[in-house]
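As given, the protein sequences belong to chains A and B, one line each in that order.
One rule links them: number in the numbering used here = place in the first sequence (from 1) + 14.
One rule links them: number in the numbering used here = place in the second sequence (from 1) + 14.
Heads up, some of the hints might be wrong.
When chains are identical, the list treats them as one kind, so a pair holds in a single copy or across two.
List of simulated lysine to any residue pairs, SDA-like, C-alpha gap at most 25 Å [claimed, not checked]:
1. K85 to Q162
2. K85 to T17
3. K192 to S139
4. K108 to V158
5. K192 to G77
6. K192 to Q70
7. K192 to L65
8. K108 to G78
9. K108 to R179
10. K192 to S118
11. K85 to T190
12. K85 to Q180
13. K192 to S163
14. K85 to G183
By construction, these hints were calculated from the structure, which means they are not laboratory data.
Number of protein chains: 2
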Amino acid sequence: MITERRLARMRRVLERRHDDLVVVIEDIHDAHNASAILRSCDAFGIGRVALVYTNQVFPEISGGVAAQVQKWLQIDRYESPEACVAALHDEGIKVYATDLSEQSQDYLDVDFSGPTAIVLGNEHSGCSPEMAARADGSLIVPMVGFVQSLNVSVAAAVLMSEIARQRRGREPVWTTHKAEMERAWIERESTRPSDRLISDVV
Amino acid sequence: MITERRLARMRRVLERRHDDLVVVIEDIHDAHNASAILRSCDAFGIGRVALVYTNQVFPEISGGVAAQVQKWLQIDRYESPEACVAALHDEGIKVYATDLSEQSQDYLDVDFSGPTAIVLGNEHSGCSPEMAARADGSLIVPMVGFVQSLNVSVAAAVLMSEIARQRRGREPVWTTHKAEMERAWIERESTRPSDRLISDVV
């Protein structure tokens with residue numbers, strides 16, 4: 015069984031999630047970075063994550079908050095950048111790669127009000143050329159110091175916070191997808207009560 | 015001797031730094047977090063860092079980009095939160111603690127156009143009560159998920175990016191402090207050319 019309080023908490027989180035936002039993680043190898051990105055997704059109301067791992071293995075996230083957060087995210091795996099972008103495009107989602115190329119737009123100039131995916135690439139090599147070629151655009155967080163790159167989990171959070179800022183005050187809609195998630199969560203929580211991973215907060 | 019190219023690079027970084035912004039790091043114990051924060055300071059044009067370590071030791075930052083970045087930041091140590099806030103107030107700098115209290119303001123509602131310091135507290139206990147008591151206000155990055163906190167280096171970057179966003183298009187002024195820094199950097203680089211830590215980018 016599931017308590018009213020837990021149910022209300024789950025519903026409140028679902029209600030505030032933006033169903034038309036996806037964070038794509040491509041070949042990020044460091045567990046600390048992957049963990050921080052998942053934690054930020056939860057924090058900023060992005061419930062959907064896509065994994066594209068062609069040169070790396072998704073790192074095992076074994077402890078801490080992020081290990082618990084994973085359970086509450088929809089995490090889809092794609093076998094290639096092409097397959098990922100095609101699936102997102104089928105849903106009408108615009109895909110932005112993050113990279114340092116000259117053509118990249120300042121993230122503050124991008125309108126994130128529509129369905130949007132942001133792609134975060136490998137710590138050393140960034141997004142794959144295949145991903146960049148198929149994306150609708152590429153973004154950069156401008157930097158004014160000696161260093162030419164931000165930590166990838168930091169860049170991810172900066173982008174997510176800007177998306178949240180632009181959507182501030184706009185109530186996310188309740189979708190059939192959310193209704194399905196709610197059913198799945200209730201089912202899972204009811205049948206495996208011992209598996210309450212964020213029991214202190216839910 | 016120092017090359018024209020290096021000199022131009024140093025000057026360009028200094029010109030774009032906001033001299034009236036300070037990031038205060040209080041008892042952050044994880045080297046990965048401290049490193050990411052220093053790297054973000056450089057990236058977002060914040061050249062001044064204050065360390066307040068009363069319960070922890072500032073972690074050794076031995077490798078990676080952040081080890082190199084430290085050299086280009088002005089890092090001041092204070093023996094107590096009181097001493098730190100007093101020194102910042104003497105300069106007319108407003109101090110904002112980050113914390114989860116009910117009184118905290120949404121960071122998006124805060125005007126960062128004036129001289130500002132943000133305080134990032136320990137991973138587990140947050141800012142000290144002494145710091146919170148003396149600060150001019152406290153900030154929160156609103157979260158809408160299951161988890162009640164962001165990774166501290168992520169929160170730091172979100173705050174710094176918002177400060178940079180609010181000041182976008184505003185050219186930082188050249189100050190006597192920057193002129194002094196420039197002289198000190200040239201002196202250091204000229205006398206210890208082998209100590210070129212970010213030689214690839216400077």
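Here's how the hints hold up against the structure:
no., hint, verdict
1, K85 to Q162, "between (34 Å within a copy, 16 Å between copies)"
2, K85 to T17, "within (18 Å within a copy, 54 Å between copies)"
3, K192 to S139, "neither (35 Å within a copy, 34 Å between copies)"
4, K108 to V158, "between (28 Å within a copy, 23 Å between copies)"
5, K192 to G77, "neither (27 Å within a copy, 44 Å between copies)"
6, K192 to Q70, "neither (31 Å within a copy, 44 Å between copies)"
7, K192 to L65, "within (20 Å within a copy, 44 Å between copies)"
8, K108 to G78, "neither (32 Å within a copy, 34 Å between copies)"
9, K108 to R179, "both (18 Å within a copy, 23 Å between copies)"
10, K192 to S118, "neither (33 Å within a copy, 31 Å between copies)"
11, K85 to T190, "within (19 Å within a copy, 53 Å between copies)"
12, K85 to Q180, "neither (27 Å within a copy, 36 Å between copies)"
13, K192 to S163, "between (36 Å within a copy, 24 Å between copies)"
14, K85 to G183, "neither (27 Å within a copy, 42 Å between copies)"
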